[in-house]
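Since each chain sits alone in its own frame, please combine them into the complex, following the hints.
Protein sequences, first through last, are from chains A and B.
At position 49 of the first sequence (counting the first as 1) the number is 209 in this note's numbering, and the numbers step up by one without a gap.
At position 150 of the second sequence (counting the first as 1) the number is 255 in this note's numbering, and the numbers step up by one without a gap.
Be a bit skeptical, because a hint or two may be false.
[Stated by the list, open to error] Restricting the straight-line Cα-Cα distance to at most 27 angstroms, the calculated cross-link-like pairs of lysine-lysine (DSSO-like) are:
id, chain 1, residue 1, chain 2, residue 2
1, B, 131, A, 247
2, A, 187, A, 247
3, A, 187, B, 131
[To be verified] For each label pair, taking beta carbons as the anchor points, the in silico distance ranges come out as:
id, chain 1, residue 1, chain 2, residue 2, range
4, A, 187, B, 212, 23 to 31 angstroms
5, A, 255, B, 230, 42 to 50 angstroms
6, B, 256, A, 248, 54 to 62 angstroms
7, B, 181, A, 255, 14 to 22 angstroms
8, A, 251, B, 262, 19 to 27 angstroms
9, A, 250, B, 173, 21 to 29 angstroms
10, B, 224, A, 245, 49 to 57 angstroms
11, A, 187, B, 214, 45 to 53 angstroms
12, A, 245, B, 228, 40 to 48 angstroms
13, A, 259, B, 108, 51 to 59 angstroms
14, B, 223, A, 256, 47 to 55 angstroms
15, A, 259, B, 228, 51 to 59 angstroms
16, B, 214, A, 245, 36 to 44 angstroms
[To be verified] Heads up, incomplete: computed chain B residues facing chain A, CB under 7 angstroms, no partners named:
id, residue
17, 156
18, 197
19, 215
20, 261
21, 265
Source of the hints: derived by calculation from the structure; they are not laboratory data.
Owing to the predicted nature of the structure, the values given are computational and were not obtained by experimental measurement.
We put the beta carbon where it would ideally sit given N, CA and C, even for glycine.
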Amino acid sequence: MEVGLNHFLIVSTALFSFGLYAIVTRKNAIMVLMGVELMLNAANLNFVAFSSFGNFGINGQLYALFVIILAAAEAAIALAIVLNVYKTFTNVNIDEINNLKD
Amino acid sequence: MSIYDIIFYLFAAITIVSAAIVVNTKNIIHSAFSLLLTFFGVSGLYALLGADFLAIVQIMVYVGGILILLLFGVMLTNKITNVDIKTGVLNVIPAILGLGIFGAILIFIVTSTNWHVEKLVIPKTTTKMLGNLLLTDYVLVFELLAILLLIALIGAASIARREKKEI
Numbered sequence: 161m162e163v164g165l166n167h168f169l170i171v172s173t174a175l176f177s178f179g180l181y182a183i184v185t186r187k188n189a190i191m192v193l194m195g196v197e198l199m200l201n202a203a204n205l206n207f208v209a210f211s212s213f214g215n216f217g218i219n220g221q222l223y224a225l226f227v228i229i230l231a232a233a234e235a236a237i238a239l240a241i242v243l244n245v246y247k248t249f250t251n252v253n254i255d256e257i258n259n260l261k262d
Numbered sequence: 106m107s108i109y110d111i112i113f114y115l116f117a118a119i120t121i122v123s124a125a126i127v128v129n130t131k132n133i134i135h136s137a138f139s140l141l142l143t144f145f146g147v148s149g150l151y152a153l154l155g156a157d158f159l160a161i162v163q164i165m166v167y168v169g170g171i172l173i174l175l176l177f178g179v180m181l182t183n184k185i186t187n188v189d190i191k192t193g194v195l196n197v198i199p200a201i202l203g204l205g206i207f208g209a210i211l212i213f214i215v216t217s218t219n220w221h222v223e224k225l226v227i228p229k230t231t232t233k234m235l236g237n238l239l240l241t242d243y244v245l246v247f248e249l250l251a252i253l254l255l256i257a258l259i260g261a262a263s264i265a266r267r268e269k270k271e272i
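Pulled out of the complex, with its shape left as it was, chain B reads as follows (with noise of 0.2 angstroms):
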């Protein structure tokens, strides 16, 4: 049992369990600070395969604009005149039945696959190379998220937009 395979089983369960709180609490709020430790989870397990540059984006991204957008979400939509922010849920048990067989049979086929694996091989760093990858060989998604990123933008700022009463 190395000191690899002890922070891996320390960062899945940091994921797994704060999962497991973001879908089943009743408090919206619990919810989206679990989610915040799932997203630092899996940061985690980005960089035990070797993707630093990844790992520090997801923390950036995830962590630092998704889940403050969920919160603002969160704060916008519901009438916080007390405390706590209770939330229902629906179908519980023929769900936690389907998808339990679908996690399980899922499961059986993944681990009972023959992959074709190479032992991990961990690059230096990889953020020249994902520089390199995207300007030669992808540079045309490259454009294309961009576009579709300024497209974002400006959709959401115009849904979102308050309207101004005509008088």
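Pulled out of the complex, with its shape left as it was, chain A reads as follows (with noise of 0.2 angstroms):
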């Protein structure tokens, strides 16, 4: 079968499940955080799918480019918050990190 715009939506799709599962399933706050990388690039792939298939122009790939720009930014300072919840709990675990700082 040619290969459409559908084809590319449907792995897209695919994706962003998987990254929405691990986000909800996962204990360790480092795979929640693999987990939004998922669904990130699912979102990128939906853009410069649309944007190659729809005319228009090369718009989606340079939107796609500023999502992997935060998605960079957001890494660095949610792991910089992971490493510190280490140092005060001595565990990632997210369910148990449950009391605010007394």
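Next up, the structure:
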């Protein structure tokens, strides 16, 4: 079958569902971050697919570039926070981090 | 079945299978390396769509930056006294059920919509056009992203700093 827009959208939807599953199911904070990165990649794939198939010029690829930049900044800060949490609790399981600073 | 279709199915298979491994394995190092494969698969899909600059940036930033950062995070936040690092899962059955329904509904919506599709047009090289757009139409976003990266750099360095003990 000729590869069209729908194929790329199905791949992007599957990636998004996997990312959401990782966020909902996993206990480790780093796994949750990996799920967030999967979801961002799925959205990027959506942007680029529509940009190529919908006669939008190159704007979709530019938005995907912005999303990649923001994902890098967010991953850096999220990992700094996770390191701080580990320093305080000695544990990064998200259901055991349940008290504020006393 | 042209060669384009075969390569698309290959990269789509790499992406989806390694994403499934990322979210299902108990060993967190395995899942970090499967994430590497997922990023490579997505980069291949970008190249198939004609986004050559974006494919290279994806490999450089995601694989060479974010994945290394995630591996640092894994190594610094787990007590590595034995060889394998295992993590647990919670709410597996409700998550599979809920997300299966969600994914099925989304795929149904996506495939049954009448997208206004033109034929795939692959521009020659995108780097020059992207550079042009960044400095003409999107210059405000460009400057704001530069400031945001500076803020992220300073913020991350100051959050994760080791406190000096006062004597």
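These are the hints, each one checked on the structure:
Between residue 131 (chain B) and residue 247 (chain A) the alpha-carbon distance is near 23 angstroms, which keeps this suggested pair within the 27 angstroms criterion. With a C-alpha separation of about 18 angstroms, the suggested pair residue 187 (chain A) and residue 247 (chain A) falls inside the 27 angstroms cut-off, and the hint holds. Only pairs whose Cα atoms come within 27 angstroms are accepted, and residue 187 (chain A) paired with residue 131 (chain B) is accepted, the gap being roughly 10 angstroms. Between residue 187 (chain A) and residue 212 (chain B) the beta carbons are some 28 angstroms apart, a value that agrees with the proposed interval 23 to 31 angstroms.
Distance hint for residue 255 (chain A) and residue 230 (chain B): a CB-CB separation of about 49 angstroms, consistent with the stated range 42 to 50 angstroms. At roughly 24 angstroms, the beta carbons of residue 256 (chain B) and residue 248 (chain A) sit outside the given window of 54 to 62 angstroms. Distance hint for residue 181 (chain B) and residue 255 (chain A): a CB-CB separation of about 21 angstroms, consistent with the stated range 14 to 22 angstroms. Range check, residue 251 (chain A) to residue 262 (chain B): about 24 angstroms between beta-carbon atoms, so the 19 to 27 angstroms window is met.
Checked against the hint of 21 to 29 angstroms, the pair residue 250 (chain A) and residue 173 (chain B) passes, with Cβ atoms roughly 24 angstroms apart. Taking 49 to 57 angstroms as the suggested C-beta distance range, the pair residue 224 (chain B) and residue 245 (chain A) conforms, at roughly 50 angstroms. Take residue 187 (chain A) and residue 214 (chain B): their Cβ atoms lie about 31 angstroms apart, and the range 45 to 53 angstroms is violated. Taken as a hint, the range 40 to 48 angstroms holds for the pair residue 245 (chain A) and residue 228 (chain B), whose Cβ atoms sit roughly 45 angstroms apart.
The hint said 51 to 59 angstroms for the Cβ distance between residue 259 (chain A) and residue 108 (chain B), and at roughly 58 angstroms that hint holds. The given range of 47 to 55 angstroms is respected by residue 223 (chain B) and residue 256 (chain A), whose C-beta atoms sit roughly 52 angstroms from each other. The hinted range of 51 to 59 angstroms is satisfied by residue 259 (chain A) and residue 228 (chain B), whose Cβ atoms lie roughly 54 angstroms apart. Evaluation of the 36 to 44 angstroms hint for residue 214 (chain B) and residue 245 (chain A) yields a pass: the beta carbon distance comes to about 38 angstroms.
For residue 156 (chain B), the shortest C-beta to C-beta distance to chain A is roughly 5 angstroms, which falls under 7 angstroms, so the interface hint holds. Interface restraint check: residue 197 (chain B) against chain A, minimum CB-CB distance 6 angstroms, threshold 7 angstroms, status holds. Below 7 angstroms, beta-carbon pairs count as interface contacts, and residue 215 (chain B) has one with chain A at about 5 angstroms; its hint therefore holds. Look at residue 261 (chain B): its Cβ gets to within about 4 angstroms of chain A, closer than 7 angstroms, so that hint holds up.
Look at residue 265 (chain B): its Cβ gets to within about 4 angstroms of chain A, closer than 7 angstroms, so that hint holds up.
Checked against the numbered hints above, the structure violates hints 6, 11; every other hint is satisfied.
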